[in-house]
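Got chain W sorted already, so can you dock chain D onto it with the hints?
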Amino acid sequence: MSSRRQQRAASRQTIERNLREILTPEGVPVRVELAARGDRAAAVIIDLLIMAVCMIVSVLGITIITGFSGIGRFGFILILLVFFFLRNFYFMFFELKWQGQTPGKRRLGLKVIDRFGRPLSSEAVFARNMMREIEIFLPMGILFSGSATGISGLMQFFAFVWAMTLVCLPMMNKDNLRAGDLIAGTLVVREPKIILAADMTEASRDADGETQPEFVFTQTQLDAYGVYELQTLEALLRNKSPEGGEKRQIAGKAIMKKIGWPDPVPARKMDAFLTCYYQTLRKRLESQLLMGRRKEDKFDVGNKAG
Amino acid sequence: MAQQTVKSYQFRVERQGNWTRLENMVQRAEKSGLTSLSSQEIFEMPHLYKGALSSLSVARSISLDKNVVDYLEALVARAYFLLHSQQRTAGTAFKRLMVHSVPVAVRSIRQEIMVSAAVFLLGLLAAFILVLQNPDWYFSFVSPELAGGRQPAASAEELRDGLYASQDGVNNLDIFATQLFTHNSQVGILAFALGFALGLPTIWLLFTNGAMLGAFLALYHSKGLLFELGGWLIIHGSTEITAILLCGAAGLATARHYMFPGKYGRLEALAVHGKKAGIVAFGCIVMFLAAGLLEGFARQLVTSDAVRYGVGLSLFAMWLSYFIYGGRNNAPGDDA
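So the protein sequences, as listed, match chains W and D. When we follow this note's numbering, the leftmost residue of the first sequence carries the number 7, and every step to the right adds one. When we follow this note's numbering, the leftmost residue of the second sequence carries the number 241, and every step to the right adds one.
If you're looking for bench data, these hints aren't it; they were derived computationally from the structure. C-beta: ideal position from N, C-alpha, C; glycine also. Hints may be right or wrong, so weigh each one.
[Said to hold, decoys possible] Here are the simulated lysine-lysine pairs, DSSO-like style, with alpha carbons at most 30 Å apart: (1) W:LYS304 x D:LYS306; (2) W:LYS304 x D:LYS247; (3) W:LYS199 x D:LYS290; (4) W:LYS199 x W:LYS180; (5) D:LYS306 x W:LYS289; (6) W:LYS289 x D:LYS247; (7) W:LYS199 x D:LYS306; (8) W:LYS199 x D:LYS271; (9) W:LYS264 x D:LYS306; (10) W:LYS259 x D:LYS306.
[Said to hold, decoys possible] Which stretches of chain D does chain W cover? Using the computed rule of at least three CB atoms under 8 Å from a CB of chain W, they are: (11) 255 to 264; (12) 286 to 296; (13) 308 to 319; (14) 336 to 346; (15) 470 to 484; (16) 502 to 510; (17) 520 to 532.
Chain W on its own, in the form it takes in the complex (with noise of 0.2 Å):
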């Protein structure tokens, strides 16, 4: 039973280890939920793959222009500030322009923010994408040419340990923080974008519209579960994929042994049952909120052990 609680307690924490909270200057902490790496990553390929595909057409754009009018050296010049602004100030622009967004980081659902709650200034902006060049661009260059650096000998091999170990700086840290958001003070959380749903109070009533709750419970028999649990089954509920219906017979027949329900309810009145089983301990656990009194999950019953 005890290793059961731990691993539920472990879960728990996976969950809390990626929020992280700001105060806001009204003093209420404000949670948000950290990027994961494998969405950064994802974001940063989009945004490389846009500027590539930018590179490329500005590339044959200015060739067939300048090819034809025969000035090929302009046109060589061109593309390379082309190349050199698309580098410098593609994220910076995008950053500033969607309040810490690229066009990667839009799809993704990822933004840029203070990690310590203020606005996010364009100074910040600014130095963490200063530190792409040798985070993203300098990586890249050592890697295809070593001699594209300008460097040699053991400054490069100084570059490249380097240049590998802010590469990898993201997997050392528990805030998946790069070098540039180092330096910048910022944080990439995933956007938070969240439906308020119907209360799942509500949602029965509209369907039923029955007065009497069709089921009663026993003080005993809502005991019997937690904050925890009430939470695990407003999630069923609201899972209206088919694979929800079947969770939701073996859930529902996992509480009826539970709290020793004693006539079987049949499968189509199963939802009905749960949705009750739910509407009255909330009702329960709420009061009982009120009181001062929260009950955490089935286990916890009351004395304060830890």
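Below, chain D alone, put in the same frame as chain W:
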């Protein structure tokens, strides 16, 4: 009716109108900027935000409807980011950066600039003296591909020709300029970036670059061309070497504040000072661009020593006054 007596449900029903109104505004503002909201809405938004914030506090303590709490968390966070953001266009931000932030940031690392200049000069002097005593040292400081024809074996005439591109230089110089720019800015960025390795590679890089210059100077000095070389170098070097020194200083500043965070935590110190260092490095990119143009165009086109010295020194004076006096009379911004 059991449902109606659930208090958290009543709480929600009473307030959700305002929540969705705020959500609607936030959504539009996120998509097309705060300017897309009407003045009435702009006025209303902070109030709705405060309302949602207090709803969140209450919901956290009384509601067990996870969806409502999560929704409010997300809504409040979005509104918070929106209200606490700087509404600047990229152009304004860039202008502000160049006019205000860069000089201020440069001034804030002046101690590191002293150190990086000292290291650079040390390298320069060491190489100069060594090469003067024994020209064999030359290639320990200058890599052969960078030296080109400029080597101890070359005659004074050949070296002099190299300084005044007369016949073949002009046709390729523009491309040369752009490439040089790319090369130099990479050296600079490297000096900055390697500051993360506790500054040691930065010092090494500054020293070797100084030594390279010192070796050059010694070589030309031995052939009696020091003054001419000076002109050749200073026209762009005053900009470029300043930028390299600044980049090195920025790297050193990062290292310093990481190692000795002072009153802040280590990470916070890095965030405060690293940001400044990053801004300095950004300013240096612009300087390298200027230096590249000077090196490619001005140096090849201007062959008079006096004019070269004049341009180089006045540019140096310009950079100096920009860093010393720039951005002083701006209102102190929110660049924290």
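So, going through the hints one by one against the coordinates:
Of the pairs offered as hints, the one joining LYS304 of chain W and LYS306 of chain D holds, with about 17 Å between alpha carbons and a cut-off of 30 Å not exceeded. Restraint check for LYS304 of chain W and LYS247 of chain D: the C-alpha separation of about 23 Å stays at or below 30 Å, so the hint holds. The straight-line distance between the Cα atoms of LYS199 of chain W and LYS290 of chain D is roughly 19 Å, inside the 30 Å bound, and the hint therefore holds. With a C-alpha separation of about 23 Å, the suggested pairing of LYS199 of chain W with LYS180 of chain W holds against the 30 Å cut-off.
A threshold of 30 Å between alpha carbons decides the hint, and for LYS306 of chain D with LYS289 of chain W the separation of about 14 Å falls inside it, so the pair holds. As the CA atoms of LYS289 of chain W and LYS247 of chain D are separated by approximately 8 Å, the hinted pair is consistent with the 30 Å bound. Only pairs whose Cα atoms come within 30 Å are accepted, and LYS199 of chain W paired with LYS306 of chain D is accepted, the gap being roughly 14 Å. For the suggested pair LYS199 of chain W and LYS271 of chain D, the alpha carbons sit about 13 Å apart, so the restraint of at most 30 Å is met.
Restraint check: the Cα-Cα separation between LYS264 of chain W and LYS306 of chain D comes to about 23 Å, which is no more than 30 Å; the hinted pair holds. Distance restraint check for LYS259 of chain W and LYS306 of chain D: the Cα-Cα separation of roughly 23 Å lies within the 30 Å cut-off, and the hinted pair is therefore satisfied. Chain W is given as covering the segment 255 to 264 of chain D, and this holds because 4 residues of the stretch bring a CB closer than 8 Å to a CB of that chain, at least three being needed. Residues of the segment 286 to 296 of chain D with a Cβ under 8 Å from some Cβ of chain W number 4, which satisfies the need for three, so the listed coverage holds.
Restraint check on the segment 308 to 319 of chain D versus chain W: 9 residues with Cβ-Cβ distances below 8 Å, three needed, restraint holds. For the segment 336 to 346 of chain D, the proposed coverage by chain W is satisfied: 3 residues have a C-beta within less than 8 Å of a C-beta in that chain, meeting the threshold of three. Residues of the segment 470 to 484 of chain D lying with their CB closer than 8 Å to a CB of chain W number 0, which falls below the three-residue condition for coverage. Coverage of the segment 502 to 510 of chain D by chain W holds [criterion: at least 3 residues with CB-CB distance below 8 Å; count 3].
Counting residues of the segment 520 to 532 of chain D whose C-beta sits closer than 8 Å to any C-beta of chain W gives 4, which meets the bar of three, so the coverage hint holds.
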